[in-house]
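Enquirer: Sequence:
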Amino acid sequence: MHDTAAALQPPRKDCLPFEFSASTSGYYRLWLGNMLLTVLTLGLYSAWAKVRTQRFLYGHTRLAGGRFDYHGKPGAILKGRLLMLALFTLWQLSGRWSPALQGMLGLAAFAIAPWIAVQAMRFRLANTSWNQLRLRFSGQVRPAYWVFFKSWLTTALSFGLLWPRAMLIKRRYLLQHSTLGQASLKQHDCIGRLYLAGLGSLLSALLYLAALGALGALIWQTGNAIGLPAIVNRLFGAGSMHSVDFTFIGAMLLAWLLASMGYANMAIQRVLLNHTTLELHGQSHRIECWLRTGHMLWLHLSNALALLCSLGLAWPWLRIRSLRTLLEHSALFGAGDLASLHADLNALDDARGDELAELLELDLGW
Numbered sequence: 001m002h003d004t005a006a007a008l009q010p011p012r013k014d015c016l017p018f019e020f021s022a023s024t025s026g027y028y029r030l031w032l033g034n035m036l037l038t039v040l041t042l043g044l045y046s047a048w049a050k051v052r053t054q055r056f057l058y059g060h061t062r063l064a065g066g067r068f069d070y071h072g073k074p075g076a077i078l079k080g081r082l083l084m085l086a087l088f089t090l091w092q093l094s095g096r097w098s099p100a101l102q103g104m105l106g107l108a109a110f111a112i113a114p115w116i117a118v119q120a121m122r123f124r125l126a127n128t129s130w131n132q133l134r135l136r137f138s139g140q141v142r143p144a145y146w147v148f149f150k151s152w153l154t155t156a157l158s159f160g161l162l163w164p165r166a167m168l169i170k171r172r173y174l175l176q177h178s179t180l181g182q183a184s185l186k187q188h189d190c191i192g193r194l195y196l197a198g199l200g201s202l203l204s205a206l207l208y209l210a211a212l213g214a215l216g217a218l219i220w221q222t223g224n225a226i227g228l229p230a231i232v233n234r235l236f237g238a239g240s241m242h243s244v245d246f247t248f249i250g251a252m253l254l255a256w257l258l259a260s261m262g263y264a265n266m267a268i269q270r271v272l273l274n275h276t277t278l279e280l281h282g283q284s285h286r287i288e289c290w291l292r293t294g295h296m297l298w299l300h301l302s303n304a305l306a307l308l309c310s311l312g313l314a315w316p317w318l319r320i321r322s323l324r325t326l327l328e329h330s331a332l333f334g335a336g337d338l339a340s341l342h343a344d345l346n347a348l349d350d351a352r353g354d355e356l357a358e359l360l361e362l363d364l365g366w
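Using this note's numbering, read the sequence shown as starting at 1 and increasing by one per residue.
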């Protein structure tokens, strides 16, 4: 049984906790139904599957007693996916006709990336609400091109070494145009912390490699001790054990990759959250995540092993587990009276009828 969110929150009066009430069994039923219907419809149902999944996860997430909701329409998502699939197919086929044409199409896709990012943010925020109040994204395409160009240029000229700065350039633009009524988000500088998170991710990858290497060696020696190679070769033919060995090594490398990527993603997300504030009426209310490094290390190692041993069937369990861990270790802390912040947010203009909800009948995000 997992700890409650309240037990995990620091004992402070200026705290508005995140709460996550989704059950693994409920998500399993949803996931299995989505998978079955997606296969039976040759992928067409995936748009409806995304809406059902988002509504389930958002609906079980609360902040200060207010529930999050997702309002996206499957038809808009399906149109976006079919368009992206058609463009990708065209790009692939163009290589048979002319490599130059394929290159030009690739450059064109790269050129519209800022436009895609703006449209995707508009769709996602316009279809996301907290306490029945819709979020908005007010960013325009022209400034987005300049922001993305600066980010790409920073990455290219530094050969990737200034990746935290490049990341923050884009994130600041996206957050400063994301609002909930009069409240807006702000990303603060955290380049040094991001570098530390990156270094920690490299060290965690080495730790995972050592741990999984030791586990693999133990399993290997146990198999040899019980005569597994001889049994496999006798049942499936001479040399069959070599195929088993290669498969086993590949599986352990996959587990290492999953654990390393999962840790790196959460470590960077923790830094970004800890340097994000909600600005309202001249006051800053900061988001804080106090998830410990040791907890994250074990979380992603056990997730990877569970996913591998279950042949992917543990995915719903580990997704709920990861979300619960992150949200139960996160909260919103106020500069002043948090009760007044809650009242102010509830008093904001209701954006349920805002035209942004219908502005983009096309979801370009996957």
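Rather than coming from a laboratory, the hints here were simulated on the basis of the structure. Glycine included, C-beta positions come from ideal geometry on N, C-alpha and C. It is possible that some hints are incorrect.
No farther apart than 30 Å at their CA atoms in a straight line, the calculated lysine-lysine pairs in the DSBU-like style are these [what the hints assert, rightly or not]:
| id | residue 1 | residue 2 |
| --- | --- | --- |
| 1 | LYS73 | LYS150 |
| 2 | LYS186 | LYS170 |
| 3 | LYS170 | LYS150 |
| 4 | LYS150 | LYS186 |
| 5 | LYS73 | LYS186 |
| 6 | LYS170 | LYS73 |
Derived DEER-like restraints, expressed as beta-carbon distance ranges [unchecked claim]:
| id | residue 1 | residue 2 | range |
| --- | --- | --- | --- |
| 7 | ASN233 | GLY192 | 34 to 42 Å |
| 8 | LEU85 | TYR145 | 36 to 44 Å |
| 9 | THR24 | MET261 | 20 to 28 Å |
| 10 | ASN224 | GLY75 | 51 to 59 Å |
| 11 | GLY294 | MET261 | 16 to 24 Å |
| 12 | PRO143 | ILE219 | 37 to 45 Å |
| 13 | ILE231 | GLY75 | 53 to 61 Å |
| 14 | ARG234 | ILE191 | 57 to 65 Å |
| 15 | LEU42 | GLY192 | 47 to 55 Å |
| 16 | ARG165 | ARG234 | 53 to 61 Å |
| 17 | GLY75 | ILE116 | 33 to 41 Å |
Enquirer: Run every hint past the structure and note whether it holds.
Expert: For each hint, the structure was consulted:
{"no.": "1", "hint": "LYS73 x LYS150", "result": "violated (34 Å)"}
{"no.": "2", "hint": "LYS186 x LYS170", "result": "holds (12 Å)"}
{"no.": "3", "hint": "LYS170 x LYS150", "result": "holds (9 Å)"}
{"no.": "4", "hint": "LYS150 x LYS186", "result": "holds (19 Å)"}
{"no.": "5", "hint": "LYS73 x LYS186", "result": "holds (29 Å)"}
{"no.": "6", "hint": "LYS170 x LYS73", "result": "holds (27 Å)"}
{"no.": "7", "hint": "ASN233 x GLY192: 34 to 42 Å", "result": "violated (55 Å)"}
{"no.": "8", "hint": "LEU85 x TYR145: 36 to 44 Å", "result": "violated (25 Å)"}
{"no.": "9", "hint": "THR24 x MET261: 20 to 28 Å", "result": "holds (22 Å)"}
{"no.": "10", "hint": "ASN224 x GLY75: 51 to 59 Å", "result": "holds (57 Å)"}
{"no.": "11", "hint": "GLY294 x MET261: 16 to 24 Å", "result": "holds (19 Å)"}
{"no.": "12", "hint": "PRO143 x ILE219: 37 to 45 Å", "result": "violated (54 Å)"}
{"no.": "13", "hint": "ILE231 x GLY75: 53 to 61 Å", "result": "holds (55 Å)"}
{"no.": "14", "hint": "ARG234 x ILE191: 57 to 65 Å", "result": "holds (60 Å)"}
{"no.": "15", "hint": "LEU42 x GLY192: 47 to 55 Å", "result": "holds (49 Å)"}
{"no.": "16", "hint": "ARG165 x ARG234: 53 to 61 Å", "result": "holds (60 Å)"}
{"no.": "17", "hint": "GLY75 x ILE116: 33 to 41 Å", "result": "violated (19 Å)"}
When each numbered hint is compared with the structure, violations occur for hints 1, 7, 8, 12, 17.
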